[in-house]
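Respectively, the protein sequence lines represent chains A and B.
In this text, residue positions in the first sequence follow my numbering: the first is 1, and each later residue adds one.
In this text, residue positions in the second sequence follow my numbering: the first is 1, and each later residue adds one.
Hints listed in this document are in silico derivations from the structure and should not be mistaken for laboratory results.
Heads up, a few of these hints could be off.
Cβ pair distances, simulated, as ranges [what the hints assert, rightly or not]:
(1) A/Asn59 x B/Ser8: 17 to 23 Å
(2) B/Gly9 x A/Tyr10: 25 to 31 Å
(3) B/Ala17 x A/Glu52: 36 to 42 Å
(4) B/Glu3 x A/Ser70: 31 to 37 Å
(5) A/Thr80 x B/Pro14: 46 to 52 Å
(6) A/Thr53 x B/Pro14: 45 to 51 Å
(7) A/Arg109 x B/Ser82: 20 to 26 Å
(8) A/Ile12 x B/Ser8: 34 to 40 Å
(9) B/Ala68 x A/Arg55: 27 to 33 Å
(10) A/Asn59 x B/Gln31: 20 to 26 Å
(11) A/Arg67 x B/Glu57: 37 to 43 Å
(12) B/Tyr51 x A/Thr20: 32 to 38 Å
(13) A/Arg109 x B/Gly59: 29 to 35 Å
(14) A/Gly84 x B/Ser40: 20 to 26 Å
One-sided excerpt, in silico: chain A residues whose CB lies under 7 Å from chain B [to be verified]:
(15) Gly42
(16) Phe45
(17) Asn56
(18) Leu90
(19) Tyr100
(20) Glu101
(21) Phe104
(22) Pro106
(23) Gly107
(24) Leu110
Partial list, computed: chain A residues near chain B (C-beta under 10 Å) [claimed, not checked]:
(25) Ser33
(26) Gly40
(27) Leu43
(28) Gln54
(29) Gly58
(30) Pro61
(31) Leu88
(32) Gln102
(33) Tyr103
Remember, predicted model here, so these are calculated numbers, not experimental data.
The beta-carbon is built from N, C-alpha and C at its ideal position, and this holds for glycine as well.
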Amino acid sequence: KAGVTQTPRYLIKTRGQQVTLSCSPISGHRSVSWYQQTPGQGLQFLFEYFSETQRNKGNFPGRFSGRQFSNSRSEMNVSTLELGDSALYLCASRPPGQGYEQYFGPGTRLTVT
Amino acid sequence: QKEVEQNSGPLSVPEGAIASLNCTYSDRGSQSFFWYRQYSGKSPELIMFIYSNGDKEDGRFTAQLNKASQYVSLLIRDSQPSDSATYLCEGFQKLVFGTGTRLLVSP
Chain A
1 KAGVTQTPRY LIKTRGQQVT LSCSPISGHR SVSWYQQTPG QGLQFLFEYF
51 SETQRNKGNF PGRFSGRQFS NSRSEMNVST LELGDSALYL CASRPPGQGY
101 EQYFGPGTRL TVT
Chain B
1 QKEVEQNSGP LSVPEGAIAS LNCTYSDRGS QSFFWYRQYS GKSPELIMFI
51 YSNGDKEDGR FTAQLNKASQ YVSLLIRDSQ PSDSATYLCE GFQKLVFGTG
101 TRLLVSP
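Just chain A, same shape as in the assembly (with noise of 0.2 Å):
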C-alpha cells in the first residue's frame, strides 16, 4: 500500500506570498492531520480534518487554513507569508476504525525569503 505522499516537496516564496500545499494520505484512510515542524518550536498541530470536515485546529493565525477533498486528499494554504512561516510541513494520515497511530508523509520544505 502506498505511503501518504506529499507536494511539492521543496518550495522557494516569497514574504506577502501565498502557498498551497497537498497531501494525498494512504488509501482507506479518512482523517488527515497536518503539524508545523521547526528547530525552535518542535511539532506543532495545524489542523485536523475527516470526511471533508476540520474536527480539530491548533493556535495557528487565520492565515492558516485548509480543506479535504471527497477523496481524502487534503490542502492547506498559507497567505500573506512571512519569516516564520519557513518549516517543514508534515502531513499525517490515520486508519479508521480501533488504530490511532498516525502515519506521516515526507514534508514539503518551505522556505519564505
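Fit chain B to the supplied structure of chain A, relying on the hints for placement.
This is chain B only, laid out in the frame that chain A set:
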C-alpha cells in the same frame, strides 16, 4: 507549562546500553500516548503506543505509562548506533507533541 514536555537532550549512551527517554504531560485526561522516531531529514515514524498504566514491550522497546505521576517513558534495550534519532512523544487526545529528545548511541 507545555502540555507535553520532553528533555531535548542530547542523551548519549554507549552501544549495548539501555536508553531511557521520558515525557511528562499536564492533562490528566490524556489516555493514549505514542512514541515516534524521527531520523534527521526524515518524517516521524511510529514505534510504540500505550493506552493503559504499566508497561508494554515490543522487541527492544518498552513503553511505560504512569497516569498518577503523569509521565510516559520509552526504554530502548541493547541500544544500537542506528537508534540515534529524535524521539517524539504524542498525547493523543490533545494531538500535542513534545519537542523531542535527541538520542545519540556511540559505537
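| said: Verify the CB-CB distance for threonine 53 of chain A and proline 14 of chain B against the hinted window 45 to 51 Å. | reply: Once the Cβ atoms are compared, 50 Å apart, the range 45 to 51 Å for proline 14 of chain B and threonine 53 of chain A holds.
| task | Determine whether the Cβ-Cβ distance between asparagine 59 of chain A and serine 8 of chain B falls within the hinted range of 17 to 23 Å. | result | holds (21 Å)
| message | Next item in the hint list is tyrosine 100 of chain A. Is there a CB on chain B closer than 7 Å to its CB? | response | With a minimum Cβ separation of about 6 Å from chain B (threshold 7 Å), the hint on tyrosine 100 of chain A holds.
| request: Grab the minimum C-beta distance from glutamine 102 of chain A to chain B and call the hint holds if it beats 10 Å, violated otherwise. | output: OK, holds: glutamine 102 of chain A within 10 Å of chain B, min 7 Å.
| message | Just to be careful: measuring from the Cβ of leucine 88 of chain A to every Cβ in chain B, is the smallest value less than 10 Å? | response | holds (8 Å)
| field | Evaluation of the interface hint that places proline 106 of chain A against chain B, nearest CB under 7 Å | value | Because about 5 Å separates proline 106 of chain A from the closest Cβ in chain B, which is inside the 7 Å limit, the hint holds.
| Per the CB criterion, is asparagine 56 of chain A less than 7 Å away from chain B? | Asparagine 56 of chain A check passes; min Cβ-Cβ to chain B is 6 Å, inside 7 Å.
| task | Grab the minimum C-beta distance from glycine 42 of chain A to chain B and call the hint holds if it beats 7 Å, violated otherwise. | result | For glycine 42 of chain A, the interface hint holds, since the closest Cβ of chain B sits about 3 Å away, which is under 7 Å.
| request: For the hint on leucine 90 of chain A, just tell me whether its beta-carbon gets within less than 7 Å of chain B. | output: Where the cut-off is 7 Å and the nearest Cβ of chain B is about 6 Å from leucine 90 of chain A, the hint holds.
| said: Would the hint on glycine 40 of chain A be counted as holding, given a Cβ-Cβ threshold of 10 Å to chain B? | reply: holds (9 Å)
| task | For the hint on phenylalanine 45 of chain A, just tell me whether its beta-carbon gets within less than 7 Å of chain B. | result | Holds: closest Cβ of chain B sits about 5 Å from phenylalanine 45 of chain A, inside 7 Å.
| field | Assessment of proposed distance window 32 to 38 Å (beta carbons of tyrosine 51 of chain B, threonine 20 of chain A) | value | holds (36 Å)
When held up to the earlier numbered hints, the structure conflicts with 3, 8, 24, 28, 30 and fits the remainder.
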